[in-house]
Each structure stands twice: as structure tokens, then as C-alpha cells.
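Novice: In case you want the letters, here they are:
2 protein chains.
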Amino acid sequence: MGLIVQKFGGSSVANPECIRRVAGRIMDMKRKGHAVVVVVSAMGDTTDDLIRLAHRITNAPSDREMDMLMSTGEQVSGALLTMALHAMGADAVSLTGPQAGIFTDAMHRKAKILGINPKRISRHLRDGHVVIVAGFQGQTPSKDIATLGRGGSDTTAVAIAAALKADRCQIFTDVAGVYSADPRIVKRARKLDEIAYDEMLELASLGAKVLMSRSVEYAKKYGVELEVLSSFSHAPGTLVKEEVKNMEDVVVRGVSADKEETKVTLSGVPDKPGIAARLFGRLAGAGVNVDMIVQNTSAHGLADISFTVPAEDVVKTRQVIRAAGEAVGVKDITLDDDIAKISVVGVGMRGHSGVAFQMFKALAALGINIEMISTSEIKVSVLIKKSLADRAVIALHKAFGLDRRRRSPGRR
Amino acid sequence: MGLIVQKFGGSSVANPECIRRVAGRIMDMKRKGHAVVVVVSAMGDTTDDLIRLAHRITNAPSDREMDMLMSTGEQVSGALLTMALHAMGADAVSLTGPQAGIFTDAMHRKAKILGINPKRISRHLRDGHVVIVAGFQGQTPSKDIATLGRGGSDTTAVAIAAALKADRCQIFTDVAGVYSADPRIVKRARKLDEIAYDEMLELASLGAKVLMSRSVEYAKKYGVELEVLSSFSHAPGTLVKEEVKNMEDVVVRGVSADKEETKVTLSGVPDKPGIAARLFGRLAGAGVNVDMIVQNTSAHGLADISFTVPAEDVVKTRQVIRAAGEAVGVKDITLDDDIAKISVVGVGMRGHSGVAFQMFKALAALGINIEMISTSEIKVSVLIKKSLADRAVIALHKAFGLDRRRRSPGRR
Numbered sequence: 001m002g003l004i005v006q007k008f009g010g011s012s013v014a015n016p017e018c019i020r021r022v023a024g025r026i027m028d029m030k031r032k033g034h035a036v037v038v039v040v041s042a043m044g045d046t047t048d049d050l051i052r053l054a055h056r057i058t059n060a061p062s063d064r065e066m067d068m069l070m071s072t073g074e075q076v077s078g079a080l081l082t083m084a085l086h087a088m089g090a091d092a093v094s095l096t097g098p099q100a101g102i103f104t105d106a107m108h109r110k111a112k113i114l115g116i117n118p119k120r121i122s123r124h125l126r127d128g129h130v131v132i133v134a135g136f137q138g139q140t141p142s143k144d145i146a147t148l149g150r151g152g153s154d155t156t157a158v159a160i161a162a163a164l165k166a167d168r169c170q171i172f173t174d175v176a177g178v179y180s181a182d183p184r185i186v187k188r189a190r191k192l193d194e195i196a197y198d199e200m201l202e203l204a205s206l207g208a209k210v211l212m213s214r215s216v217e218y219a220k221k222y223g224v225e226l227e228v229l230s231s232f233s234h235a236p237g238t239l240v241k242e243e244v245k246n247m248e249d250v251v252v253r254g255v256s257a258d259k260e261e262t263k264v265t266l267s268g269v270p271d272k273p274g275i276a277a278r279l280f281g282r283l284a285g286a287g288v289n290v291d292m293i294v295q296n297t298s299a300h301g302l303a304d305i306s307f308t309v310p311a312e313d314v315v316k317t318r319q320v321i322r323a324a325g326e327a328v329g330v331k332d333i334t335l336d337d338d339i340a341k342i343s344v345v346g347v348g349m350r351g352h353s354g355v356a357f358q359m360f361k362a363l364a365a366l367g368i369n370i371e372m373i374s375t376s377e378i379k380v381s382v383l384i385k386k387s388l389a390d391r392a393v394i395a396l397h398k399a400f401g402l403d404r405r406r407r408s409p410g411r412r
Numbered sequence: 001m002g003l004i005v006q007k008f009g010g011s012s013v014a015n016p017e018c019i020r021r022v023a024g025r026i027m028d029m030k031r032k033g034h035a036v037v038v039v040v041s042a043m044g045d046t047t048d049d050l051i052r053l054a055h056r057i058t059n060a061p062s063d064r065e066m067d068m069l070m071s072t073g074e075q076v077s078g079a080l081l082t083m084a085l086h087a088m089g090a091d092a093v094s095l096t097g098p099q100a101g102i103f104t105d106a107m108h109r110k111a112k113i114l115g116i117n118p119k120r121i122s123r124h125l126r127d128g129h130v131v132i133v134a135g136f137q138g139q140t141p142s143k144d145i146a147t148l149g150r151g152g153s154d155t156t157a158v159a160i161a162a163a164l165k166a167d168r169c170q171i172f173t174d175v176a177g178v179y180s181a182d183p184r185i186v187k188r189a190r191k192l193d194e195i196a197y198d199e200m201l202e203l204a205s206l207g208a209k210v211l212m213s214r215s216v217e218y219a220k221k222y223g224v225e226l227e228v229l230s231s232f233s234h235a236p237g238t239l240v241k242e243e244v245k246n247m248e249d250v251v252v253r254g255v256s257a258d259k260e261e262t263k264v265t266l267s268g269v270p271d272k273p274g275i276a277a278r279l280f281g282r283l284a285g286a287g288v289n290v291d292m293i294v295q296n297t298s299a300h301g302l303a304d305i306s307f308t309v310p311a312e313d314v315v316k317t318r319q320v321i322r323a324a325g326e327a328v329g330v331k332d333i334t335l336d337d338d339i340a341k342i343s344v345v346g347v348g349m350r351g352h353s354g355v356a357f358q359m360f361k362a363l364a365a366l367g368i369n370i371e372m373i374s375t376s377e378i379k380v381s382v383l384i385k386k387s388l389a390d391r392a393v394i395a396l397h398k399a400f401g402l403d404r405r406r407r408s409p410g411r412r
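Read top to bottom, the protein sequences are chains A and B. Each residue of the first sequence is one higher than the last, beginning at 1 in the numbering used here. Each residue of the second sequence is one higher than the last, beginning at 1 in the numbering used here.
A couple of the hints might just be wrong.
To be verified - Chain B stretches covered by chain A per the calculated footprint, using a threshold of three residues with CB under 8 Å from any CB of chain A:
id	stretch
1	16–26
2	50–60
3	64–77
4	83–95
What the hints assert, rightly or not - Restraint-style ranges between C-beta atoms, simulated for each label pair:
id	chain 1	residue 1	chain 2	residue 2	range
5	B	149	A	123	24 to 34 Å
6	A	56	B	315	38 to 48 Å
7	A	63	B	149	26 to 36 Å
8	A	105	B	236	46 to 56 Å
9	B	56	A	28	21 to 31 Å
10	B	286	A	127	26 to 36 Å
11	B	286	A	234	44 to 54 Å
12	A	126	B	33	53 to 63 Å
Please keep in mind that the hints were generated in silico from the structure rather than gathered at the bench. All C-beta atoms, glycine included, are put in the ideal place defined by N, C-alpha and C.
Based on the sequences and whatever the hints tell you, model everything.
Specialist: Structure representation (C-alpha cells):
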């Protein structure tokens, strides 16, 4: 008997049939004697449909009103899932984010959870109810509805699990778990049984879409054990948890590719103290997430600075850099979106040298040129041409011994 | 400079084009210097679509979850209308029913407004905002969302107008106002410039669909001047207001037909004191709205009792009457839905005798048989065969001098 928080994404509740299937899975858990809190996303493409509807009204909808609009998606799926549970004989109740006691800051469309008052959820649990909570949303200090931004429902689930001290937080998705590489690219990628928070964090920020960084950070901070698993099968998924000793036996846990970045190069930047601080300060002020940064000093006291930003921040970056660049005297600005960032990640790297060398060697063998390099304690990332990304990932996956063993001919 | 509450129904906000048109009308009012609060219904068929979606999950959805589901409709239209106002340069903000301070009882799907705390609406008005409120919904004492049932958005508008002491409450619909009879049946029906609350109440309960009784009752109780007008034209509509002296110059204000009732006849009811009280007590207990009642005492101490109920209450009525009828010893129960109730209404009747006689005479001239009669101070209703309803309405409209004058040949 424990307390389980389950989160079902949009594709898991895309239509009434899916919703009934999800209700069935919740009932399985309930029958095992667990108390269950469920966080739901909006059905299928509902959020995108609502965004499209808003853009038929105006191309610059206010963030506050977008939140009023979009938050209805999770309210609908929550109510329907609750009805499905009732039809199966369970006591259940659906709550909006505000009703569930989820309090956020006032940054509409990308609000952060400030705290959770789990009183109402706890009361319904004591009454023996399955509690369904609309994901992705909460209430601001001025009692407005705010949404949490991409991957927000995962964060809702983790935050509720932390507030309730749940025994586990299960994130149901349309994949079987976390893989050693994207299985659409690497045929012999393996599903991982477990992964450390830090590895998951690196992979999430490196383009693995299965969990958003924010929810993993939250889970790590509060020690919430996460399980990523498929809502379409009953196989166990991947456990995301505190690093344990034997995790270091594996040097590289996974290989990832991020094709959604753009490289910005500033040439002829005066090589004086404070220039970089000024440039990147302005970018940070505009909310741009700068990723890799490289600076070379060239002759005549002028430097070249290159950095990468997410594709969605390119417009903002251009504006900031044009203005700031003029002020500090940058000669030329070029943007290149024909790039991919390839990374290898593993906590085992800490005890092993030579991972970067092994990586460069494997890429050199394919004749792939490396444009930028960035490392952390548990990952090495390189920037290469986008068209070479898939080949690079396949080769690195093999080079680091991650390929799943070929199955014997008689089996599939 | 005044304070106006405007309510737009589902057909007025059915799609983005309609929503922009509504925003334009609100801007007109705003430009005249008025403060404006707007109550919106869900877009077009949204509510029906949501009900259908729920029935794909279960055929007995709980009322609480239906309210969670359906209340999203008005939240969506409110957010979109607010975006349209922003695009036209107005300051505007949308509020859910609970955010707007609308408090209801806990009778989900047919909740009653218990009170309004207009603090938040007033604050936004002081800031110069147009305030858009999701109609049809409020918050129960246990902080759940409840909907008000049919015509609920009208009631929301009237209740807000009362709480804010607004100068006027405009109800925009897809018709030009209140007519002397249904213009689809009576070609020469006239749009009324004004009508007394009591007349409107009788007409509403007699089948005129333009305003629900509950909102008119509320308006009467708090002296809110209502205007019913078309969202598709700029012509003045019909004012619903306190009765004034010259209203009595018109004996009959309108003629209506209600084809949605069923006649129930109980034969051989023991003619003893308390029997009727027992029968109708049970019906009231089951929430059945009994309308006309007639009782004839026949021979041998047995009576026949006939009454009418709304079509939607027939199933419940049958259950109650079968059980109660057995207990008191009713011989036979018959149901007849081939009936229509035809009514003439006017506060001027009070000072005039002979309205009923004139009505019966006009129907007799058409050879129409009257099955039941019911009168109040300001109306006379008769029950006739459904197939004769339209002919009866047309004849009565003419007999009471309500026909619009034929226009001169050159005009349309």
C-alpha cells in the first residue's frame, strides 16, 4: 500500500477509447491497494487547436488570455477521465490546478510552481477517491490562471509527488522509457532500466524529448523517484533516480542529437574586458538561453565569438545582438541553422578519461568536421553539420558499446 | 456615461468572425463613454459537443464532472473575445464565474446564484477595462464549479447588473426582440418596444424562448432594466421593465404556443380529501413542474384528474404516478403528448373582462375543441390538439388586434 502519482500525456488521452484505457490502468493500481493521484494533459492536439483558434482572432494574443484559453484543455480531459473512472465503479474527482492548490508565479505561459497546498488533494484521498488534477496549470498570486509552459504537466506531477511525499511518480508517455539513443535513428538503441537524475538532466537539455529538464530538476531536488513508461504496454519503464555506485560501471549512458539550435558568430569583436559580459548579459535579460560558447582571439586585438541558441530564440537573439553589437563595435554577425549538437552522457565519465578523445576519433573516422566543443563533468557535446547528425549518433552509439545485442535468428 | 452589462449568446460568438463583430459592438458602447461588463455564452454548439463527448465515455456522467467539463466552453469564448478587444486597442480582461465572484448553491447542472461579490469586477472597471465574464457558471460553497442550467448566462448577466447597479442589461440574441407572437408562425407578428416584467414572465413560461423565466424574475426582483436585441442589427430591441400606466392600454400583449407539454389523465381517483395533495406532493418531491391542473368529480365518489407536465419530465412523472397511483387506488393512467397550450398575455387584462370569452369565441369559429383551461390575472391558457396550434395562434393574434399593419405596396 503506497501513494502513487501518475501522469498521462496528451497522446494517452487523445480520444474516449484512450481515456477508458487510461482509466483501466488507474484501476489496476487502485486494486493493488495504492492511493492514486493522476495528472492529465489536454487530449491529443487540443492545445495546438486552441492556439490556432486564438491566432484566428489576433496574431498577438496576450499571455494571460492564452492561459485562460489553454487551461481549459486539461480541465476537459480531467473531467472525462473522472467520468470513465466512475463508470468503472471507482470514486474519483477532478480538480483544476487552482483547486488542487498549485500556486505559481505570474509569468503567464511559462509560470513556475511556487508551492503546493495539498490539503484538498489529501482530503479527497482520505475519502478514498482517485484524484485527477489538470496538469500544466496553477494559480498566480492575483488569482489568475497561469500555465507552466512546455512539459508543464510532468512538473505538476513531480511537484504533487514531492508535496504528498508519494512513493513514486510514474510518467506515462508514448514510448517505453528512456533509450540509449533515439530508437527512430539508432535501430539498436536500448531501453535503459535506470538512469541518474544528472544523466537525465543532461539528456533532456540535449534534445531527448521524453522528459523536460524542469521536471527532472524538481524530482532531483525533492528526491522524487520517477518512472518513465509506456501507456500502451505493461512493460516496466525506466527509473530516474539518485545516482548509485554501480551506475558508474557504464561510462556512457546515452547518445543524443539536438537539431533545433542555431549557431551565431560575431566577428571582429573588440578583445577588451567586459565585452562578453555585456553581450551575454543583454541576451540573458531578453530571456535567451545561450548554450555553447566559444571565443578565439585573433590578430589586431579583435576576437570571434560563437554561441548557440534554441531555434525559438533566434528572432530575439538577432534583435539583441544587432543593438548590442553596434554599441560594442562588432564587425559582422552570421547565423547558421544547418547544425546539430551531438552529445554523449554518463556519470561514469567522471572516473574515466579519454571519452572526448574516443568521441573525436569516431567522428574523424567518418570524416565529420567538429565546429564547436563543450564539456561538463558528465557529458561531451560537439557541433557538426545537421546532415551528418544521424550517422554520427549511430557511430557513437556503437563506438561506446551501447548497441543492443543482435537477437538470435529464431527470435524477433 | 453609464455602466452597461451586455450578454452575448452562443450564436453571437459562434466563430472568430462573429467574435470580432461582437467586439466591435462592445467598442461602440465603450466609445460612447460607458463602462462595459460583458457576459458570454459558449461558442455555437460547444456545450452540446461537450455533452456528446461525455456520453462517449459514459451514459451517466456525474453532474459535478459535467460542470467541470461544460464550464470550459464559456472560458474559451471569454478569452477569445478579450483577445479580439485587445486587437482593437481596448483594455480588457476575462474572468471565469468563480473569479468574477459568482457564488452558487451546490446543485450541479442547475445551480442557483446565491450572491455576487463584485469586488474584482469593480476593480477592473476602475482600471478602465472591459470585463468579460464567463456566463452560466459560478462557485459552490465547497469551491467546485457549478453551472446554472438552461438560460444561465442571461441570469449571470442580470445578477451582475443587479450587483453593480448597472444602468441597463442588454441581452443580445439572434432575434430582434420580443414579438407579439412567434414570427415563424405569425407572419404579421410585431416586435414589441416594451413589455412588463410580468408579461415577459408569463410569455417565458409559456414557451417564448427569447428569455428564461429565471433571469426575468431576477430582473424584476432587483429592478434591472433589460433590453432584448439582435447582435446582427443595430435596431433598438424590446425593453423589459416595470409596468407603467400606459401599458394597460393594450389588453393582450402577445400570443404564445407551447408544444412541449404532455397531458396526464388519472381516471377513477377516490374522491377523498388529501388524495390530490398526496399525488402532487410526490410529483413536486421528484422535481416535476406540474403546470395546468383540472379535476372533475364523476359519479360513485371517483374523480378524474388531468394535468400537464413538460415533455422532459414525462419519464419521472410516469414513475411517480405509477407508484403513487397504486397506493391511492387510481384506476387508469393515460398520457397524451398530441397537445399544445395556447396563451394570450397582457397586464391590460386586469381592467378588462371578456378576454377569455373572446378567445373561446375565436377558437370556436375555427371548430377547435378546448381540452383544458387555466387562467391567471394577466393570461388565459387553453389546451388544444397540437396539429391545430399554428392556426389558433394566427387567429388569436388577429382577433386581439395584434397584427402588424400591412405595409404600403411600394415598401418592403
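Novice: Are the hints correct? Go through all of them and say.
Specialist: Tested hints:
{"no.": "1", "hint": "16–26", "verdict": "holds (count 3)"}
{"no.": "2", "hint": "50–60", "verdict": "holds (count 7)"}
{"no.": "3", "hint": "64–77", "verdict": "holds (count 9)"}
{"no.": "4", "hint": "83–95", "verdict": "holds (count 6)"}
{"no.": "5", "hint": "B:149 to A:123: 24 to 34 Å", "verdict": "holds (28 Å)"}
{"no.": "6", "hint": "A:56 to B:315: 38 to 48 Å", "verdict": "holds (42 Å)"}
{"no.": "7", "hint": "A:63 to B:149: 26 to 36 Å", "verdict": "holds (33 Å)"}
{"no.": "8", "hint": "A:105 to B:236: 46 to 56 Å", "verdict": "holds (48 Å)"}
{"no.": "9", "hint": "B:56 to A:28: 21 to 31 Å", "verdict": "holds (22 Å)"}
{"no.": "10", "hint": "B:286 to A:127: 26 to 36 Å", "verdict": "holds (29 Å)"}
{"no.": "11", "hint": "B:286 to A:234: 44 to 54 Å", "verdict": "holds (47 Å)"}
{"no.": "12", "hint": "A:126 to B:33: 53 to 63 Å", "verdict": "holds (55 Å)"}
Checked against the numbered hints given earlier, the structure satisfies every one of them.
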